[in-house]
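In case you want the letters, here they are:
Protein chains: 2
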Amino acid sequence: MEVESCHVDVVGKAFVDHYYNLFDNDRSSLASLYQPTSMLTFEGQKTFGVTDISCKLNNLPFEKCKHIISTVDSQPSAFGGGIVVLVSGSLQLPAEEHPLRFSQMFHLIPTQDGFFFVQNDFFRLNYG
Amino acid sequence: MEVESCHVDVVGKAFVDHYYNLFDNDRSSLASLYQPTSMLTFEGQKTFGVTDISCKLNNLPFEKCKHIISTVDSQPSAFGGGIVVLVSGSLQLPAEEHPLRFSQMFHLIPTQDGFFFVQNDFFRLNYG
Numbered sequence: 351m352e353v354e355s356c357h358v359d360v361v362g363k364a365f366v367d368h369y370y371n372l373f374d375n376d377r378s379s380l381a382s383l384y385q386p387t388s389m390l391t392f393e394g395q396k397t398f399g400v401t402d403i404s405c406k407l408n409n410l411p412f413e414k415c416k417h418i419i420s421t422v423d424s425q426p427s428a429f430g431g432g433i434v435v436l437v438s439g440s441l442q443l444p445a446e447e448h449p450l451r452f453s454q455m456f457h458l459i460p461t462q463d464g465f466f467f468v469q470n471d472f473f474r475l476n477y478g
Numbered sequence: 351m352e353v354e355s356c357h358v359d360v361v362g363k364a365f366v367d368h369y370y371n372l373f374d375n376d377r378s379s380l381a382s383l384y385q386p387t388s389m390l391t392f393e394g395q396k397t398f399g400v401t402d403i404s405c406k407l408n409n410l411p412f413e414k415c416k417h418i419i420s421t422v423d424s425q426p427s428a429f430g431g432g433i434v435v436l437v438s439g440s441l442q443l444p445a446e447e448h449p450l451r452f453s454q455m456f457h458l459i460p461t462q463d464g465f466f467f468v469q470n471d472f473f474r475l476n477y478g
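Sequences listed follow chains A and B, in order.
If you read the first sequence in the numbering used here, its first letter stands for residue 351, the second for the next number, and so on.
If you read the second sequence in the numbering used here, its first letter stands for residue 351, the second for the next number, and so on.
No lab work stands behind these hints: they were computed from the structure.
Predicted, not measured: the structure shown is a model, and the values here were computed from it.
Yeah, the Cβ is synthetic: ideal placement off N, Cα and C, and Gly gets one too.
It is possible that part of the hints are untrue.
[To be verified] Okay, derived cross-link-like pairs now, DSSO-like style, lysine-lysine, Cα gap no bigger than 27 Å in a straight line: (1) B/K406 x B/K416; (2) A/K363 x B/K414; (3) A/K396 x B/K363; (4) A/K363 x A/K396; (5) B/K363 x B/K396; (6) B/K396 x B/K406; (7) A/K406 x A/K416; (8) A/K416 x A/K396; (9) B/K363 x B/K406; (10) B/K363 x A/K406; (11) A/K363 x B/K396; (12) A/K396 x A/K406.
[What the hints assert, rightly or not] With the C-beta cut set under 7 Å, the calculated list includes, among others, these residues of chain B facing chain A: (13) T391; (14) K414; (15) D423; (16) L436; (17) S438; (18) Q442; (19) P449; (20) R451; (21) S453; (22) I459; (23) N476.
Put together the whole structure using the sequences plus the hints.
See below:
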């Protein structure tokens with residue numbers, strides 16, 4: 351285990367807070383968190399690389415949204431100081447009376463300069 | 351990308367079918383899918399290694415259960431032919447009138463003999 355459990359929890363939570371803050375307030379900046387090898391599966395649709403992932407996220411059928419986080423679970427990944435994070439929460443959209451439950455999973459890989467980028471990203475709405 | 355996208359989907363789906371078949375019919379055999387480096391976070395509780403993970407799964411507060419899978423999303427992981435899988439579905443317990451929605455995430459790592467073991471495992475119930 352290359353990353354201590356406590357450190358992993360702190361980094362996972364900090365990443366998640368940063369990610370959804372950008373998503374809800376400055377969505378185009380999310381591009382900075384992906385790299386050319388990154389993959390996003392959004393509601394079953396696969397997207398690869400910074401440009402296509404950024405295009406997907408910036409063209410979702412809602413402009414304003416607010417993510418409310420319920421749980422953040424983090425573990426060190428097998429290789430190279432990476433971190434796997436599973437998030438559950440709710441997504442409030444202007445057109446919806448009730449928030450929509452979602453799950454999102456990130457595989458974070460450390461960069462040369464001590465930050466992390468998103469290698470794997472899965473988003474799913476949870477229908478009740 | 352070391353594992354082709356289509357192959358990843360097939361392996362991810364086959365693994366998920368196998369995993370929940372064991373879980374619902376022969377839960378003690380799930381131990382065969384973990385290794386000493388494996389980690390499980392079950393409803394926020396962290397468990398490490400085959401023995402502790404197996405103990406956790408075999409001592410959940412229900413004996414009989416049935417998993418119904420809704421979605422399986424798979425991607426190649428960054429390193430070594432691994433696969434990341436996000437599952438959503440429902441868990442039917444005898445004591446519950448309605449099935450409980452859940453999300454589970456697996457990071458699968460190939461073994462020397464061509465199979466996969468679970469390196470990272472997260473399970474969360476999704477409350478409505």
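Now for the hints, and whether the structure bears them out:
With a C-alpha separation of about 18 Å, the suggested pair B/K406 and B/K416 falls inside the 27 Å cut-off, and the hint holds. Between the alpha carbons of A/K363 and B/K414 the distance comes to roughly 34 Å, so the proposed pair goes past 27 Å and is violated. The suggested pairing of A/K396 with B/K363 holds, with an alpha-carbon distance near 16 Å, which does not exceed 27 Å. The hinted pair formed by A/K363 and A/K396 meets the criterion: a straight-line CA distance of about 25 Å does not exceed 27 Å.
Between B/K363 and B/K396 the alpha-carbon distance is near 25 Å, which keeps this suggested pair within the 27 Å criterion. For the hint pairing B/K396 with B/K406, the CA-to-CA distance comes to about 10 Å; that is within 27 Å, so the pair holds. Pair hint A/K406 plus A/K416 holds up; C-alpha atoms about 18 Å apart against a cutoff of 27 Å. At most 27 Å may separate the alpha-carbon atoms for a hinted pair to count; A/K416 and A/K396 meet this at roughly 23 Å.
Proposed proximity of B/K363 and B/K406 is supported: the alpha carbons are some 24 Å apart, at most 27 Å. For the suggested pair B/K363 and A/K406, the alpha carbons sit about 25 Å apart, so the restraint of at most 27 Å is met. Pair hint A/K363 plus B/K396 holds up; C-alpha atoms about 16 Å apart against a cutoff of 27 Å. With a C-alpha separation of about 10 Å, the suggested pairing of A/K396 with A/K406 holds against the 27 Å cut-off.
At a threshold of 7 Å, the smallest CB-CB gap from B/T391 to chain A is about 5 Å, leaving the interface hint in force. At a threshold of 7 Å, the smallest CB-CB gap from B/K414 to chain A is about 23 Å, leaving the interface hint violated. The restraint placing B/D423 at the interface with chain A holds, with a minimum CB-CB distance near 5 Å, inside the 7 Å limit. Of the supplied interface hints, the one on B/L436 holds, with its beta-carbon coming within about 4 Å of a beta-carbon of chain A, less than 7 Å.
Hint status for B/S438 relative to chain A: holds, with the closest Cβ pair at about 5 Å, below 7 Å. Restraint check, B/Q442 versus chain A: the minimum CB separation of about 15 Å is more than 7 Å; hint violated. A hinted interface residue such as B/P449 counts as satisfied when its beta carbon comes closer than 7 Å to some beta carbon of chain A; here the least separation is about 10 Å, so the hint is violated. Checking B/R451 against chain A: minimum C-beta separation of about 6 Å stays under 7 Å; hint holds.
With its C-beta approaching chain A no nearer than about 4 Å, B/S453 sits inside the 7 Å limit, and its interface hint holds. Because the beta carbon of B/I459 sits about 6 Å from the nearest beta carbon in chain A, less than 7 Å, this interface hint is met. Against a cut-off of 7 Å between C-beta atoms, the interface hint on B/N476 holds, since the closest Cβ of chain A lies about 4 Å away.
Of the hints listed earlier, those the structure fails to meet are numbers 2, 14, 18, 19, in rising order.
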